[in-house]
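Chemist: Throw the hints in and build the complete structure from the sequences for me.
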Amino acid sequence: MRKRWRRQETKKKKGNKGMRWMISSNKAYESKKTKEIEWKGKMIRGKDLYKRTSASYSKGIIQIDYIIAAGIFLAVFAFLIHYTTDYYSTTKGIAEIATLRSKAFSLLGMADMDYPDLDRERIGLHSYAYRLFILLNNTEGNLISGNVTDLSDEVVEFNLSSIFSGADYNSTAIYYNENPVPYSRSGDIITFKTDISANQSKFFTIYFDDNSNFTDRSVAISGSNRVGEQIYPVERISLLQYRNLEKLENSNYTAIKNNLGNLHISIYDLAGNLFFSFGDSVPRKGNIVALQRYILYQNSTAGVNNGKLVVRVW
Amino acid sequence: MRKKGYVYTLEVLIAVSIMFISLVLIFRTAPTKPELELSLIKEQGFDALLYLDQKGDLRRMVSENNETGIEYGLKTILPLNVNFETDVCMSNCDDTNVPSNRTIIVVDYYISSYMENYLGKRVRLWLWREF
Chain V
1 MRKRWRRQET
11 KKKKGNKGMR
21 WMISSNKAYE
31 SKKTKEIEWK
41 GKMIRGKDLY
51 KRTSASYSKG
61 IIQIDYIIAA
71 GIFLAVFAFL
81 IHYTTDYYST
91 TKGIAEIATL
101 RSKAFSLLGM
111 ADMDYPDLDR
121 ERIGLHSYAY
131 RLFILLNNTE
141 GNLISGNVTD
151 LSDEVVEFNL
161 SSIFSGADYN
171 STAIYYNENP
181 VPYSRSGDII
191 TFKTDISANQ
201 SKFFTIYFDD
211 NSNFTDRSVA
221 ISGSNRVGEQ
231 IYPVERISLL
241 QYRNLEKLEN
251 SNYTAIKNNL
261 GNLHISIYDL
271 AGNLFFSFGD
281 SVPRKGNIVA
291 LQRYILYQNS
301 TAGVNNGKLV
311 VRVW
Chain R
1 MRKKGYVYTL
11 EVLIAVSIMF
21 ISLVLIFRTA
31 PTKPELELSL
41 IKEQGFDALL
51 YLDQKGDLRR
61 MVSENNETGI
71 EYGLKTILPL
81 NVNFETDVCM
91 SNCDDTNVPS
101 NRTIIVVDYY
111 ISSYMENYLG
121 KRVRLWLWRE
131 F
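Quick mapping for you: the protein sequence lines, in order, are chains V and R.
Terminal number for the first sequence in my numbering: 314, no gaps in between.
Terminal number for the second sequence in my numbering: 131, no gaps in between.
Everything labelled a hint here was simulated from the structure, so no lab data went into it.
It is possible that some hints are incorrect.
Under the rule of at most 25 Å between Cα atoms (straight-line distance), these lysine-lysine pairs were calculated in the PhoX-like manner [said to hold, decoys possible]: (1) 55(R) x 308(V); (2) 42(R) x 202(V); (3) 92(V) x 103(V).
Modeler: What follows is the structure, encoded as structure tokens:
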């Protein structure tokens, strides 16, 4: 190497001719060296052919910032997807439950609507029945005959047709303190028997319907009528009619389900015993909304009972 | 030139931070449930009074001014998470025990008569959520 430089110096003294040869010789030498160096994987220029720069060692480190950026991007993207998915699924769940609750709320209104004979887009079990009170007062001034004394077979009679025209006699139900009292029917006259102590008063509740289809349940009643009874005016009440419950039970659930969705209707008495059930079985998991309402319902023997209407939708 | 990678990384971090802050601001408020419960509670309160009337107890208790009996009957019907207060009144109703810092639902049920006696009273029912 030193020889070449000395030769170049010698040539320089000889003039331009030598200079040209020197320059071209240098270029040839440099390009050759550059190629040699490139082949070895190093970039070297000019006089510093044999000096190594720091940039050549740092080449791989430049890629790390991309890796970091990609990693951060992936982490944020995953968080974003998770957060938005959770956000919208929560919104969807809330909307679904609100819809179900609204549907159950609407179905509870079946206790206020009559049975729709042709309409399959709603359910109605409501009907009107009638109630009257009879007061039996075993005190002086209310006696028909005899003295005030304990009575074991006091008979009470009333003419239903004179109280209410168009009554269905077979639907008559008589209660004392929520206990049913048997009665007999002879034409328009309803008769029942009770025991009453001296100076005691008793209120009897009589229910009857005007569009039901019960069978006759009258029994033989005997006794004597010694105390006068006071009959109060008839009042109309709302209840779930047994006839409508039978109609619903015999209806096509699939047709109702196509219009109203999945549902289950139950009626329980106050002791929690199931009296009526209609619809699909409630699934074991999923969004299920259940609402209940206290109602009066008619049983198969025209008895009027207190109970709960429970509606489940999903 | 030597710090080119550093600048790129810094740029990415700033971009990610801006995105993150935007997402937090946009989704800061959780989706709220539509307020259906108040209408449900009102309906439950009215249905409870209607049921007591259909049973034949409400008018008798109103004629006797028996508020305790009415509240006992309602207690067995209304859900456990609903508190209530009742008053049998005509024009001015006593709301002493009704809390002032809650959302209150009011139901009025008018009673005209019982048996052969004219009453002309109303049962006012105040309802509120316990929780």
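Chemist: Each hint should be assessed against the structure and marked as holding or not.
Modeler: We went through each hint and held it up to the structure:
1. 55(R) x 308(V): Cα-Cα ~13 Å, so holds.
2. 42(R) x 202(V): 36 Å, violated
3. 92(V) x 103(V): 17 Å, holds
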